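Participant: Chain order of the listed sequences is A and B. Last residue of the first sequence: number 287 in the working numbering, and the count goes up by one each step with no gaps. Last residue of the second sequence: number 192 in the working numbering, and the count goes up by one each step with no gaps.
Keep in mind that the hints were calculated from the coordinates and are not lab data. This one's a predicted model, so the numbers in the text were calculated from it and none came from an experiment. A virtual CB, placed ideally from N, CA and C, is assigned to each residue, including glycine. It is possible that part of the hints are untrue.
As the list claims (entries may be wrong) - Quick list of the computed label-pair ranges, beta carbon to beta carbon:
#1 R158(B) x R225(A): 25 to 31 Å
#2 R83(A) x P129(B): 31 to 37 Å
#3 P96(B) x K4(A): 42 to 48 Å
#4 I7(B) x V243(A): 52 to 58 Å
#5 V92(A) x L124(B): 32 to 38 Å
#6 G53(A) x L135(B): 33 to 39 Å
Spelled out from the first residue to the last, the chains are:
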Amino acid sequence: MYDKTVRRRRAVLGLLVACSLILLTAYFGETGSGALHGVQRGTSEILNPIQEGGSRALKPIRDLFGWFGDTVAAKGQVEELRRERDRLRSEVMANEVRKADYTRLAAMVELDGALGLEDKGLKTGRVIFQSPTVWYATVRVDKGSDDGVRIGQPVINEESLIGRVTEVFGGAAQVTLITDTTMRVPARAGRRGEFGIVEPSSAGNPNDLVMKFTKPDARIRTGDRVVTRGTEPDDRLQSLYPVGLPIGRVWRIENEGTDTQEIHLRPFADMRSLDVVQILTNPRGGE
Amino acid sequence: MVTPQLIARLAALGVLGVVVQTAAVSQLPVAGGNADLSPLLVMAVGLLCGSLAGGSFGFGVGLFADVVSLQTLGVSSLVLLGVGYGAGRLREARDPEGTIVPIAVGAAATLAFGIGFALLQFLLGVDAPVSWALLRQLLATLVINALLALPVYAVVRRCLHGALPEDPRRRRRRAYTTGGLSPLSRGVEIRR
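My request is simple: use the sequences and hints to build the entire structure.
Facilitator: This is the structure we're talking about:
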């Protein structure tokens, strides 16, 4: 009797391990339109409304948690903010001089931004799911193909570019964040708009991106903003991202002035607490 | 003995657990990480139901999590299968008792899941280097899960109450309260 139980237990274990390995091999080997991917998409299609309902129902709990977290974080930031306040006070005087120039430039930037995004078919959605593992930097939003969302469309939040759509369902879309190891974004930085490619510096670090392939003599300094490059008239292919979407700010430069120069930037958006995002369903505008 | 009632309850528990994990828990960052209910649920089922149910439940939860998260199928199921089976074998071989058991086993399950998942990711090929932030997040998850292990274990036991094949506590209690003698008293009886 005991031997039978042990044999049965081992047989089930072996069977399940074999199933896992077969699934893993088959999934890894097939293309995005394969049968297992299809099953996955179909199941997600069914579960999306449940997840959306669950996400809405549990939002008060998330908010409560967020409130506690914000309170603890705010206490830790008091000293830092006091120092920053003192520094800013001294800067105010200098800034008065620049104010006139700034007002004019800010108006221009604001105008450009408004004109650039108004005709991009912005669809506002709520994040209903975030990948539970740090190996996949993905979120799911409650806007899908029914709302005109397509694969490849850029996604922004109130601060900057956060990623692009990589999977679409009827009422939801999977967004791969720019901090995912599979993402590359053509970008510009510095006063001269130096070109480079932005990618994650390492897996699992949502606070550090790296801009590669910049010229050794590129004039990029710490504190410079990095934005999307977009498409230029002499480009053969059109970029997925419109020109000028903010990505992050340079905070460190490695191997400066060499061919292997790496410019590290912190994304403007906090990728771990995304809530409301916008999908640019017409990123090229005017079509 | 795994009954249909137990299977139904385990299925409901697994589905609910993964939905709560993806819709809420994974969106609650705490100290740079977030809780991961999957290894805790699997650990609890393994400790309560044994290796066969624990392993099968781990496989099912992992597969469902992979499907829902659009991740590579088979990775989570393989790792959680090991976690569930291990917890179940611990129950069958040692039958540990005490408040600290779910906490220790929950932490061990989370660690095993984190390491196993990372190992499989490396085997499948990760292009980018791995940062220290990842290790920090794994440690944060480990600590949070250790704190959550006891309540999760209690909730799972409550959910499965009445459908469990054999409660180890009940089994022990029966030996002393229904006429059975402890080995020590039996020795005294024999000497007399």
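Participant: The structure should be examined with respect to each hint, and the outcome stated for every one.
Facilitator: Results for each hint:
In this structure, R158(B) and R225(A) break the distance hint of 25 to 31 Å, their C-beta atoms being roughly 53 Å apart. Taken as a hint, the range 31 to 37 Å holds for the pair R83(A) and P129(B), whose Cβ atoms sit roughly 33 Å apart. For P96(B) and K4(A), the Cβ-Cβ distance of about 26 Å falls outside the hinted range of 42 to 48 Å, so the restraint is violated. For I7(B) and V243(A), the Cβ-Cβ distance of about 56 Å falls inside the hinted range of 52 to 58 Å, so the restraint holds.
With their beta carbons about 53 Å apart, V92(A) and L124(B) fall outside the hinted range of 32 to 38 Å. Between G53(A) and L135(B) the Cβ separation comes to about 35 Å, which falls inside the hinted range of 33 to 39 Å.
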